[in-house]
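Letter 101 of the sequence shown, counting from 1, is numbered 100 in numbering that gives the first Met the number 0, and no numbers are missing.
A few of these clues could be false.
[Said to hold, decoys possible] With a straight-line Cα cutoff of 20 Å, these simulated SDA-like cross-link-like pairs (lysine to any residue) come out:
hint: 1; residue 1: K71; residue 2: L83
hint: 2; residue 1: K125; residue 2: Q40
hint: 3; residue 1: K71; residue 2: D88
hint: 4; residue 1: K113; residue 2: P49
hint: 5; residue 1: K71; residue 2: L129
hint: 6; residue 1: K71; residue 2: R44
hint: 7; residue 1: K113; residue 2: T135
hint: 8; residue 1: K71; residue 2: D101
hint: 9; residue 1: K71; residue 2: V103
hint: 10; residue 1: K71; residue 2: I128
hint: 11; residue 1: K113; residue 2: A75
hint: 12; residue 1: K71; residue 2: T95
hint: 13; residue 1: K71; residue 2: G96
hint: 14; residue 1: K71; residue 2: V100
hint: 15; residue 1: K125; residue 2: E33
hint: 16; residue 1: K71; residue 2: A43
hint: 17; residue 1: K71; residue 2: T98
hint: 18; residue 1: K125; residue 2: R53
hint: 19; residue 1: K113; residue 2: V100
hint: 20; residue 1: K71; residue 2: A45
hint: 21; residue 1: K113; residue 2: T94
hint: 22; residue 1: K125; residue 2: N64
hint: 23; residue 1: K71; residue 2: D127
hint: 24; residue 1: K71; residue 2: R39
hint: 25; residue 1: K71; residue 2: L130
hint: 26; residue 1: K113; residue 2: T78
hint: 27; residue 1: K71; residue 2: K125
hint: 28; residue 1: K125; residue 2: S31
hint: 29; residue 1: K71; residue 2: T116
hint: 30; residue 1: K113; residue 2: E66
hint: 31; residue 1: K71; residue 2: E82
hint: 32; residue 1: K113; residue 2: G70
hint: 33; residue 1: K71; residue 2: P120
hint: 34; residue 1: K113; residue 2: S50
hint: 35; residue 1: K125; residue 2: L87
[To be verified] Each pair of labels, with its calculated beta carbon distance range:
hint: 36; residue 1: Q37; residue 2: T116; range: 36 to 46 Å
hint: 37; residue 1: Q34; residue 2: V100; range: 33 to 43 Å
hint: 38; residue 1: V100; residue 2: S41; range: 30 to 40 Å
hint: 39; residue 1: A59; residue 2: G117; range: 29 to 39 Å
hint: 40; residue 1: A81; residue 2: I29; range: 21 to 31 Å
Hints are computed from structural coordinates only; laboratory data are not their basis.
Note that this is a predicted model, so its numbers are computed, not measured.
We treat Cβ as the ideally placed atom computed from N, Cα and C, and that holds for glycine.
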Amino acid sequence: MKSPTLAIAILLLTSCAVAAQTEATIAPTIVSAEQVEQIRQSAARAPSAPSVSRPIITAAPDALNLEYLTGKAPAAVHTSQAELIIVLDGAGTITTGGTLVDAVAGANGNMSGKDITGGVPQHLVKGDILLVPQGTAHM
Numbered sequence: 000m001k002s003p004t005l006a007i008a009i010l011l012l013t014s015c016a017v018a019a020q021t022e023a024t025i026a027p028t029i030v031s032a033e034q035v036e037q038i039r040q041s042a043a044r045a046p047s048a049p050s051v052s053r054p055i056i057t058a059a060p061d062a063l064n065l066e067y068l069t070g071k072a073p074a075a076v077h078t079s080q081a082e083l084i085i086v087l088d089g090a091g092t093i094t095t096g097g098t099l100v101d102a103v104a105g106a107n108g109n110m111s112g113k114d115i116t117g118g119v120p121q122h123l124v125k126g127d128i129l130l131v132p133q134g135t136a137h138m
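Using the sequences provided together with the hints, build the complete structure.
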């Protein structure tokens with residue numbers, strides 16, 4: 000994604016993990032709009048980098064992070080998680096599908112790459128939501 004003011008919330012969803020837990024172990028978590036805005040502003044003030052990430056919720060095995068992007072994000076494939084992207088501010092283009100270029104396996108089982116070949120670019124604006132299925136290349 001490219002944009003000087005792109006702020007997105009990214010939720011990594013582990014397939015079937017919640018179904019395996021009992022109700023007693025699942026506690027709801029509420030994060031107010033004010034808290035999200037404070038996190039977004041904190042990321043926007045961070046030193047210049049193509050991508051700044053701040054945690055919003057960490058509730059293993061799932062996580063919700065705010066990412067503030069000012070340049071091209073790295074290409075990735077999450078092998079055991081889907082990714083829900085919600086554009087909070089700005090606009091940008093995300094490419095999904097295709098194949099990672101120079102793919103490298105990470106310690107967490109995910110894959111990263113320098114680029115994507117054969118993917119489909121999609122323009123996203125504030126308020127858009129994109130679900131990237133598990134195993135789908137995206138950047």
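Each hint tested on the structure:
Note on K71 and L83: the hinted pairing holds, with a Cα-Cα distance of about 18 Å set against a maximum of 20 Å. Under the criterion of a C-alpha separation no larger than 20 Å, the hint pairing K125 with Q40 is consistent with the structure, at around 16 Å. A threshold of 20 Å between alpha carbons decides the hint, and for K71 with D88 the separation of about 16 Å falls inside it, so the pair holds. A distance of roughly 14 Å separates the Cα atoms of K113 and P49; the hinted pair therefore holds under the 20 Å criterion.
For the given pair, K71 sits about 17 Å from L129 by alpha-carbon distance, which is consistent with the 20 Å threshold. Between K71 and R44 the alpha-carbon distance is near 18 Å, which keeps this suggested pair within the 20 Å criterion. Our distance criterion of 20 Å between C-alpha atoms is met by K113 and T135, whose separation comes to about 15 Å. Restraint check: the Cα-Cα separation between K71 and D101 comes to about 16 Å, which is no more than 20 Å; the hinted pair holds.
Note on K71 and V103: the hinted pairing holds, with a Cα-Cα distance of about 18 Å set against a maximum of 20 Å. At roughly 19 Å between alpha-carbon atoms, K71 and I128 fall within 20 Å of each other, so this suggested pair holds. Proposed proximity of K113 and A75 is supported: the alpha carbons are some 9 Å apart, at most 20 Å. Pair hint K71 plus T95 holds up; C-alpha atoms about 14 Å apart against a cutoff of 20 Å.
A hinted pair counts as satisfied when its Cα atoms are at most 20 Å apart, and K71 with G96 qualifies at roughly 16 Å. Among the hinted pairs, K71 with V100 is consistent with the structure: their alpha-carbon atoms are about 15 Å apart, no more than 20 Å. Annotation: proposed proximity of K125 to E33 holds, straight-line Cα distance about 17 Å (limit 20 Å). For a cut-off of 20 Å, the pair hint linking K71 to A43 stands: about 16 Å separates their Cα positions.
A C-alpha spacing of about 17 Å is found between K71 and T98, which places the hinted pair at or below 20 Å, so the restraint holds. Distance restraint check for K125 and R53: the Cα-Cα separation of roughly 19 Å lies within the 20 Å cut-off, and the hinted pair is therefore satisfied. Taken as a hint, the K113 and V100 pair is honoured in the structure, with Cα atoms around 6 Å apart against an allowance of 20 Å. Among the hinted pairs, K71 with A45 is consistent with the structure: their alpha-carbon atoms are about 17 Å apart, no more than 20 Å.
At most 20 Å may separate the alpha-carbon atoms for a hinted pair to count; K113 and T94 meet this at roughly 13 Å. Taking the CA atoms of K125 and N64, the gap is about 17 Å. The hint holds against a cut of 20 Å. For the hint linking K71 to D127, the alpha-carbon distance of about 18 Å falls within 20 Å, and the restraint holds. Under the criterion of a C-alpha separation no larger than 20 Å, the hint pairing K71 with R39 is consistent with the structure, at around 18 Å.
The suggested pairing of K71 with L130 holds, with an alpha-carbon distance near 19 Å, which does not exceed 20 Å. For the hint pairing K113 with T78, the CA-to-CA distance comes to about 17 Å; that is within 20 Å, so the pair holds. At most 20 Å may separate the alpha-carbon atoms for a hinted pair to count; K71 and K125 meet this at roughly 18 Å. Straight-line distance between C-alpha atoms of K125 and S31 comes to about 18 Å, which keeps the hinted pair within the 20 Å bound.
Pair hint K71 plus T116 holds up; C-alpha atoms about 15 Å apart against a cutoff of 20 Å. Annotation: proposed proximity of K113 to E66 holds, straight-line Cα distance about 19 Å (limit 20 Å). Between the alpha carbons of K71 and E82 the distance comes to roughly 17 Å, so the proposed pair stays at or under 20 Å and holds. This hinted pair checks out: K113 and G70 have alpha carbons roughly 14 Å apart, not beyond 20 Å.
Our distance criterion of 20 Å between C-alpha atoms is met by K71 and P120, whose separation comes to about 13 Å. A threshold of 20 Å between alpha carbons decides the hint, and for K113 with S50 the separation of about 15 Å falls inside it, so the pair holds. Our distance criterion of 20 Å between C-alpha atoms is met by K125 and L87, whose separation comes to about 5 Å. Between Q37 and T116, the C-beta spacing of about 39 Å keeps the proposed range 36 to 46 Å intact.
In this structure, Q34 and V100 meet the distance hint of 33 to 43 Å, their C-beta atoms being roughly 37 Å apart. Between V100 and S41, the C-beta spacing of about 32 Å keeps the proposed range 30 to 40 Å intact. As the Cβ distance of A59 to G117 is approximately 34 Å, the hint placing it in 29 to 39 Å holds. Remark: the range hint 21 to 31 Å for A81 to I29 is upheld by a beta-carbon distance near 22 Å.
In summary, this structure violates none of the numbered hints.
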